[in-house]
Amino acid sequence: MVKNKKTIVSSFLSHALLIIATILAVFPLVWIFLSSVKGKGELTQFPTRFFPKDFTLEYFIHVIRDLHFIDNIKNSVLISLSTTVIAIIISSTAAYGIVRFFPKLGSIMSKLLITTYIFPPILLAIPYSLVMATIGLSNSLIGLIIVYLSFSVPYAVWLLVGFFQTVPIGIEESAQMDGANKFTIFFRVVLPIVAPGIVATAIYTFINAWNEFLYALILINDTSKMTVAVALRSLNGSEILDWGDMMAASVIVVLPSIIFFIFIQNKIASGLSEGAVK
Amino acid sequence: MLIKKFDYARWLFVMPAIIVVGLLFVYPFLSSIYFSFTTKNLLSPNYQFVGLDNYRKVLADPDFWNSFFNSLKWTFFSLAGQVLVGFILALAIHRIKRFKWLYRTLLIIPWAFPTIVIAFSWQWILNGVYGYLPNLIVKLGLMNNPPAFFTDSTWAFVCLVGINIWFGAPLIMVNVLSALQTVPQEQFEAARIDGASSWQVFRFITLPHIRVVIGLLVVLRTIWIFNNFDIVYLLTGGGPSNATTTLPIFAYNLGWGTQLLGRSSAVTVLLFLFLLTICLLYFYIIRKWEKESK
Numbered sequence: 001m002v003k004n005k006k007t008i009v010s011s012f013l014s015h016a017l018l019i020i021a022t023i024l025a026v027f028p029l030v031w032i033f034l035s036s037v038k039g040k041g042e043l044t045q046f047p048t049r050f051f052p053k054d055f056t057l058e059y060f061i062h063v064i065r066d067l068h069f070i071d072n073i074k075n076s077v078l079i080s081l082s083t084t085v086i087a088i089i090i091s092s093t094a095a096y097g098i099v100r101f102f103p104k105l106g107s108i109m110s111k112l113l114i115t116t117y118i119f120p121p122i123l124l125a126i127p128y129s130l131v132m133a134t135i136g137l138s139n140s141l142i143g144l145i146i147v148y149l150s151f152s153v154p155y156a157v158w159l160l161v162g163f164f165q166t167v168p169i170g171i172e173e174s175a176q177m178d179g180a181n182k183f184t185i186f187f188r189v190v191l192p193i194v195a196p197g198i199v200a201t202a203i204y205t206f207i208n209a210w211n212e213f214l215y216a217l218i219l220i221n222d223t224s225k226m227t228v229a230v231a232l233r234s235l236n237g238s239e240i241l242d243w244g245d246m247m248a249a250s251v252i253v254v255l256p257s258i259i260f261f262i263f264i265q266n267k268i269a270s271g272l273s274e275g276a277v278k
Numbered sequence: 001m002l003i004k005k006f007d008y009a010r011w012l013f014v015m016p017a018i019i020v021v022g023l024l025f026v027y028p029f030l031s032s033i034y035f036s037f038t039t040k041n042l043l044s045p046n047y048q049f050v051g052l053d054n055y056r057k058v059l060a061d062p063d064f065w066n067s068f069f070n071s072l073k074w075t076f077f078s079l080a081g082q083v084l085v086g087f088i089l090a091l092a093i094h095r096i097k098r099f100k101w102l103y104r105t106l107l108i109i110p111w112a113f114p115t116i117v118i119a120f121s122w123q124w125i126l127n128g129v130y131g132y133l134p135n136l137i138v139k140l141g142l143m144n145n146p147p148a149f150f151t152d153s154t155w156a157f158v159c160l161v162g163i164n165i166w167f168g169a170p171l172i173m174v175n176v177l178s179a180l181q182t183v184p185q186e187q188f189e190a191a192r193i194d195g196a197s198s199w200q201v202f203r204f205i206t207l208p209h210i211r212v213v214i215g216l217l218v219v220l221r222t223i224w225i226f227n228n229f230d231i232v233y234l235l236t237g238g239g240p241s242n243a244t245t246t247l248p249i250f251a252y253n254l255g256w257g258t259q260l261l262g263r264s265s266a267v268t269v270l271l272f273l274f275l276l277t278i279c280l281l282y283f284y285i286i287r288k289w290e291k292e293s294k
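In order, the protein sequence lines correspond to chains A and B. For the record, in the first sequence the residue sitting at position 191 is 191 according to full-length UniProt numbering, with numbers rising by one throughout. For the record, in the second sequence the residue sitting at position 54 is 54 according to full-length UniProt numbering, with numbers rising by one throughout.
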């Protein structure tokens, strides 16, 4: 009986704690959303109303149409998608190669990942900007995509090694006896099995590229080529961008990230803890 | 004797990744080290070799040391907060039976925030005039005048760390949660039958099982927070009056503000060396843990 009571109390406390934490976690999202649809003048009104009195999409229209924000969204989508496709092609072959042909390397993957992490992006940014200027790729989306491979490939390889390690070798051996070569086995047998893991890794790569800021700030100066984040930053503080616009832009930038994220959170986390113990 | 044919296929699989990592890490790294010994700047193509001059100037610069200590504070408090909050939330979710999925899904939302949106949303919430939180504080009568969140040096730092905890705790939570699921259930039951308290269960069963994962997470987070540029840059820009300038911001200002790329490179190389030392220390500890659990 005593035990039961204790369990009830601790579960009640857990729920109370989680509810408070959840409110803190989602408040900024709720608040930017509400602020983005409040009528003109309501944002600077006292006392602050929680829910909008007049609903309006004016800020969204202003940001997308008048500020040519749509071009920056296109840039961000293009860069993130290209980075993802290239990184996944390079990383999935590498991860498979490591798991099947270089298993010793597979056992120290976490250390290899951490080694690439130690290089401060700000250290790499200086040579990147100089090299891109020399080869004529400064201010270009292609240059930025190449640079984005620096953080997406190591992380993707690391995640994918975890997924490829779950493929039983027996399946491959029987395919080999049927006369399939290494590449056929990889494309026809192994890839379909790890497809869910590859999708999760791809989405994670996409989000990271979508959210990146430092390299985009340093390598792109031309407004028409800026990514969403850098374009917003450059308008921040100027007269053309008021709080309502900033909130509408925030909603546009944050929504794809969150929606994708909720889909893959499970896979990414289990990948990490499995990768860590190996 | 059979001479093994050189197996080119396996190299084909890993070559593209090796080339990409080589080009994007090894070359820039060596070139940064090289530039750190020169007077390289953004304006003119000519530069000279000056030996250790940049390092001497950087190490004699009080602003460098200010940024270094800011970086230490920023990393320590953010990391401690993220681990503590993430751990507690993971244990709470692990304990309950209902709504697990719902809490988990809502609690990871901050992790998905792009930095620019972190900056905009929190600057708006904490805005000195129209901010929801300052107005709430006054309305509830907690303070007559709410603190100047981003213009007071101490508050600016506290806000930065708080926002970083808000952003990073979900990552710790999700990973601890999935590590908790790897702890064998029989051991819990056995301990409970033996009458162990929940603290004892945590200390002697849960913790030894998950500490290698946690250790790795802590290493990754330490590096990530120490190297972070955009959260600080977008929220405070290092201000007010350098109170929140961390090393990456300091290096950025030297390189792109005052155009001194050579000296900026020296700062980033020092940053790298410091992180390397910290990581080797962590690895030493984690290796000890791994041996113990075998």
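Bear in mind the hints are in silico, worked out from the structure with no lab data behind them. Here the structure is a predicted model, which means the values were calculated and not measured. C-beta atoms are modelled at their ideal positions from N, C-alpha and C, and glycine is treated no differently. Possibly wrong hints are sitting among the right ones.
[Claimed, not checked] List time: in silico DSBU-like cross-link candidates among lysine-lysine, alpha-carbon distance up to 35 angstroms:
| no. | chain 1 | residue 1 | chain 2 | residue 2 |
| --- | --- | --- | --- | --- |
| 1 | B | 73 | A | 5 |
| 2 | A | 53 | B | 291 |
| 3 | B | 139 | A | 104 |
| 4 | B | 288 | A | 111 |
| 5 | B | 100 | B | 57 |
| 6 | B | 100 | A | 6 |
| 7 | A | 5 | B | 97 |
| 8 | A | 74 | A | 225 |
| 9 | B | 100 | A | 111 |
| 10 | A | 104 | B | 291 |
| 11 | A | 111 | B | 291 |
| 12 | A | 104 | A | 5 |
[Unchecked claim] Just the calculated beta-carbon pair ranges, DEER-fashion:
| no. | chain 1 | residue 1 | chain 2 | residue 2 | range |
| --- | --- | --- | --- | --- | --- |
| 13 | B | 257 | A | 263 | 37 to 43 angstroms |
| 14 | A | 68 | B | 48 | 42 to 48 angstroms |
| 15 | B | 257 | A | 168 | 34 to 40 angstroms |
| 16 | A | 68 | B | 57 | 54 to 60 angstroms |
| 17 | B | 187 | A | 222 | 23 to 29 angstroms |
Outcome of the hint check:
1. B:73 with A:5: violated, 42 angstroms
2. A:53 with B:291: violated, 63 angstroms
3. B:139 with A:104: violated, 62 angstroms
4. B:288 with A:111: holds, 15 angstroms
5. B:100 with B:57: violated, 55 angstroms
6. B:100 with A:6: holds, 20 angstroms
7. A:5 with B:97: Between residue 5 of chain A and residue 97 of chain B the Cα gap is close to 16 angstroms, so the pair holds against 35 angstroms.
8. A:74 with A:225: Holds, at about 9 angstroms.
9. B:100 with A:111: With Cα atoms ~32 angstroms apart, residue 100 of chain B and residue 111 of chain A stay inside 35 angstroms; holds.
10. A:104 with B:291: The hint holds at about 18 angstroms.
11. A:111 with B:291: holds, 16 angstroms
12. A:104 with A:5: Answer violated: residue 104 of chain A to residue 5 of chain A is near 51 angstroms, above 35 angstroms.
13. B:257 with A:263: 37 to 43 angstroms: holds, 41 angstroms
14. A:68 with B:48: 42 to 48 angstroms: holds, 44 angstroms
15. B:257 with A:168: 34 to 40 angstroms: Since residue 257 of chain B and residue 168 of chain A have Cβ atoms about 56 angstroms apart, the given range 34 to 40 angstroms is violated.
16. A:68 with B:57: 54 to 60 angstroms: Taking Cβ atoms as reference, residue 68 of chain A and residue 57 of chain B lie about 43 angstroms apart, which means the hint is violated.
17. B:187 with A:222: 23 to 29 angstroms: Violated: the Cβ-Cβ distance is about 60 angstroms, outside 23 to 29 angstroms.
Against the hints set out earlier in the document, violations occur for numbers 1, 2, 3, 5, 12, 15, 16 and 17.
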